[in-house]
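K.L.:
Here is how the chains run, residue by residue.
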Amino acid sequence: MEKRVVFSKLGLPILLVAPQIVITLVFFIWPASQALYQSLLLEDAFGLRSQFVWLDNFIALFSDPHYLDSFARTVVFSAATAGLSLGVALFLAAMADRVLKGATAYRTLIVWPYAVAPAVAGVLWFFMFNPSIGVLAYLLKWLGYDWNHYLDGTDAMMLVILAASWKQVSYNFLFFLAGLQAIPRSLVEAAAIDGARPFKRFWTIIFPLLSPTAFFLLVVNIVYAFFDTFGIVHATTSGGPAQSTTILVYKVFSDGFIGLDLGGSAAQSVVLMAVVITLTVFQFRYIERKVAY
Amino acid sequence: MKPKILLTAIGATMAIAHAGPALAATEVQWWHAMGGKLGEKVVEIAEGFNASQSDYKVTPVYKGNYTETMTAAIAAFRAKQPPHIVQVFEVGTASMMAAKGAIYPVYQMMADAGEAFDPGAYLASVTGYYTDTDGNMLSMPFNSSTPVLYYNKTAFEKAGISEAPKTWPEVEAAAMKAQAAGYPCGFTTGWQSWVQIENFSAWHNLSVGTMANGFAGTDTEFTFNSADHVKHIGQLAEWQKSKVFDYGGRRSESAPKFYGQECVMYMNSSAAYAGVKANAKDFEFGVTALPHWADVGSAPQNTIIGGATLWVLQGHDAEDYKAAAKFFSYLSSAEVQADWHQFTGYLPITTAAYELTASQGFYEKNPGTDVAIQQMTGKAPTENSKGLRFGNFVQIRDIINEELEAIWAGTKSAQEGLDDAVARGNALLRKFEAATGG
Numbered sequence: 000m001e002k003r004v005v006f007s008k009l010g011l012p013i014l015l016v017a018p019q020i021v022i023t024l025v026f027f028i029w030p031a032s033q034a035l036y037q038s039l040l041l042e043d044a045f046g047l048r049s050q051f052v053w054l055d056n057f058i059a060l061f062s063d064p065h066y067l068d069s070f071a072r073t074v075v076f077s078a079a080t081a082g083l084s085l086g087v088a089l090f091l092a093a094m095a096d097r098v099l100k101g102a103t104a105y106r107t108l109i110v111w112p113y114a115v116a117p118a119v120a121g122v123l124w125f126f127m128f129n130p131s132i133g134v135l136a137y138l139l140k141w142l143g144y145d146w147n148h149y150l151d152g153t154d155a156m157m158l159v160i161l162a163a164s165w166k167q168v169s170y171n172f173l174f175f176l177a178g179l180q181a182i183p184r185s186l187v188e189a190a191a192i193d194g195a196r197p198f199k200r201f202w203t204i205i206f207p208l209l210s211p212t213a214f215f216l217l218v219v220n221i222v223y224a225f226f227d228t229f230g231i232v233h234a235t236t237s238g239g240p241a242q243s244t245t246i247l248v249y250k251v252f253s254d255g256f257i258g259l260d261l262g263g264s265a266a267q268s269v270v271l272m273a274v275v276i277t278l279t280v281f282q283f284r285y286i287e288r289k290v291a292y
Numbered sequence: 000m001k002p003k004i005l006l007t008a009i010g011a012t013m014a015i016a017h018a019g020p021a022l023a024a025t026e027v028q029w030w031h032a033m034g035g036k037l038g039e040k041v042v043e044i045a046e047g048f049n050a051s052q053s054d055y056k057v058t059p060v061y062k063g064n065y066t067e068t069m070t071a072a073i074a075a076f077r078a079k080q081p082p083h084i085v086q087v088f089e090v091g092t093a094s095m096m097a098a099k100g101a102i103y104p105v106y107q108m109m110a111d112a113g114e115a116f117d118p119g120a121y122l123a124s125v126t127g128y129y130t131d132t133d134g135n136m137l138s139m140p141f142n143s144s145t146p147v148l149y150y151n152k153t154a155f156e157k158a159g160i161s162e163a164p165k166t167w168p169e170v171e172a173a174a175m176k177a178q179a180a181g182y183p184c185g186f187t188t189g190w191q192s193w194v195q196i197e198n199f200s201a202w203h204n205l206s207v208g209t210m211a212n213g214f215a216g217t218d219t220e221f222t223f224n225s226a227d228h229v230k231h232i233g234q235l236a237e238w239q240k241s242k243v244f245d246y247g248g249r250r251s252e253s254a255p256k257f258y259g260q261e262c263v264m265y266m267n268s269s270a271a272y273a274g275v276k277a278n279a280k281d282f283e284f285g286v287t288a289l290p291h292w293a294d295v296g297s298a299p300q301n302t303i304i305g306g307a308t309l310w311v312l313q314g315h316d317a318e319d320y321k322a323a324a325k326f327f328s329y330l331s332s333a334e335v336q337a338d339w340h341q342f343t344g345y346l347p348i349t350t351a352a353y354e355l356t357a358s359q360g361f362y363e364k365n366p367g368t369d370v371a372i373q374q375m376t377g378k379a380p381t382e383n384s385k386g387l388r389f390g391n392f393v394q395i396r397d398i399i400n401e402e403l404e405a406i407w408a409g410t411k412s413a414q415e416g417l418d419d420a421v422a423r424g425n426a427l428l429r430k431f432e433a434a435t436g437g
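Protein chains in written order, with numbering that gives the first Met the number 0: chain A, 0 to 292; chain B, 0 to 437.
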């Protein structure tokens, strides 16, 4: 029979979970409910006049074809950002796992970009790719590609994806490396003795054992791409040219904090919240099944 | 997002607490958006005022760029800790005007404080943007500029162009000559909505919106998809293909194209003068009026301003406002204004400051610095060239930017792009009308 440890009184367990509950209430539930309430209001910037307009803000959003377009863009952006940063990080981690000499220095260098603020990262990439003065734009021109993210939406999208995933590579790298180092050597060696080549070993042994880490990172990266990237977009393209890099979270930011349209911005953040909750539930429900813990 | 508001609130609280009983002088908080050299000049002006008397003290606080400053001030107002004076850019004007309980109109504050104030001393083309329908000045002009055309004199000589272009066909001819002489691009522009739509309209006496460009009420609708507008924007799109015109970004990101001699002409604010002067290292440059189409409207009319004004927010004691009023008098004195104008390239806001600058021989020593003033004051402003007053205009400018970019890239025709911009802009105008109660 299963042995259960039970608290004899109610006081202690409540005390123990209280800090977590308070933090969740104050930093998540309260602001989220505020956003929900705000999304039903039409208010001027100064908050002098406020009307309850039911779902008008949402109706306006969904009848705007540009808003619907930005859903598709957000999917492309998030998938590419998460895919690129996970892929590169996994590759680097797999390489770093085999490095013997100078491993610490190598690791430190890869982790560095994580300390860079998103807006700064954006400006950095912005300068490197600036069509008039950027080093990389110059290089591309020399290779025969006329880079111009001011006019070409695809170029602009690539620029924000690069800038957004570059930062995230460091974070993913750390987790992948830790995950790799937790895999027992004996398993890999046994496979090697059985004649499995490095790629085969990676694909059939290492990767499945790494799947809990990979799954966790997938969730974190998707959330990052959806929520945390407005600074990068703001610093590089401001959503342009012609909306080609206006992803959902950037529109929330620019309508709310530049346009001062609080109701419309709150409605968008509610939609965004719903999207991310759905995505996360979906990930846990379907993808997690394939994860071997 | 939230933390920002919180920080602002904390900042404001600390500033207020700090200004408490320790100081004998009445302190006035002045939130501004002037970074770099301009920011140092702002501090210098405040220090000049503080040194000129001992009863009042103005404390300038840099709050980031225009939008950040405005957002911070609004957040502080909502948290009941507003600054006394805040610098707001011209596109925020309609939002500020509609906030009747939040702002303290400047003409009223000057009267309440018993400070001598003559609205007639200010340049009408500057104050026109910020006066209500009864002719009362609601905010204090501070830094105003207007777009002009900068051109590369050295390149013009090499290409055999003898005169600065006055009309758009002349711009095209000059651009093609320069391209034949090996320069990759003819001209570029900064702030495309401000220069190529808003000022293009005023310069040709065309309306941007109904109801006198929004001055007569909030039930206004955009009209910048008229045949003349479509012709102009369509021509620019055509030129984009041959690089007679080359787009280089929404704000002033296109400046390096001119500095690096990629483009030989550059349209941007008169306040870009200092930047152009500092960066035009390998060539001589000249300044001239914005080009016009001889066959459109009654061009050239006059251009309109950009830049910012100082707004006073409600929520402080009468004594504080007396201090603010004294400061505004100091700020608009001819000496302070002339110095600011000469240093920054912004327009002098009073006739006295203009005359003082002229008598000091500044315009002769720095040819081109008076182009902006002549362009603005050449003719008496009409309904179409007094300025713009549209709600939600910050967002609407972004819409215009987006649609123009689609036109430059060739994914939309000029007609489609401008029609879409007008339709999307009108939707935001209706929203503003509803939010502010008409």
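Treat the hints as calculated values from the structure; they're not laboratory data. All residues carry an ideal CB built from backbone N, CA and C; glycine is no exception. Check the hints yourself; a few may be wrong.
[As the list claims (entries may be wrong)] Okay, the calculated bits of chain B under chain A, using three or more residues with CB under 8 Å as the criterion:
| # | segment |
| --- | --- |
| 1 | 71 to 82 |
| 2 | 87 to 99 |
[Claimed, not checked] Stretch-level coverage of chain B by chain A, calculated; a stretch enters the list once three of its residues show a Cβ under 8 Å from a Cβ in chain A:
| # | segment |
| --- | --- |
| 3 | 132 to 144 |
| 4 | 269 to 275 |
[Claimed, not checked] Residues from chain A that keep clear of chain B, each with C-beta distances beyond 10 Å, as calculated:
| # | residue |
| --- | --- |
| 5 | V4 |
| 6 | V21 |
| 7 | L24 |
| 8 | L41 |
| 9 | L47 |
| 10 | R48 |
| 11 | I109 |
| 12 | W146 |
| 13 | G152 |
| 14 | R200 |
K.L.:
Each of the hints needs a verdict: does it hold here or not?
P.N.:
Now for the hints, and whether the structure bears them out:
1. 71 to 82: holds (count 3)
2. 87 to 99: holds (count 4)
3. 132 to 144: Violated - the segment 132 to 144 of chain B has 0 residues with a Cβ nearer than 8 Å to chain A, which falls short of three.
4. 269 to 275: As far as the segment 269 to 275 of chain B goes, the hint is violated, because 0 residues have Cβ atoms under 8 Å from chain A.
5. V4: Since the minimum Cβ distance to chain B is about 39 Å, V4 (chain A) lies beyond 10 Å and the statement holds.
6. V21: V21 (chain A) clear of chain B: closest Cβ-Cβ about 17 Å, beyond 10 Å.
7. L24: Since the minimum Cβ distance to chain B is about 14 Å, L24 (chain A) lies beyond 10 Å and the statement holds.
8. L41: 5 Å, violated
9. L47: 5 Å, violated
10. R48: 6 Å, violated
11. I109: 29 Å, holds
12. W146: 13 Å, holds
13. G152: 7 Å, violated
14. R200: Non-interface label on R200 (chain A) holds, nearest chain B Cβ at 46 Å vs cutoff 10 Å.
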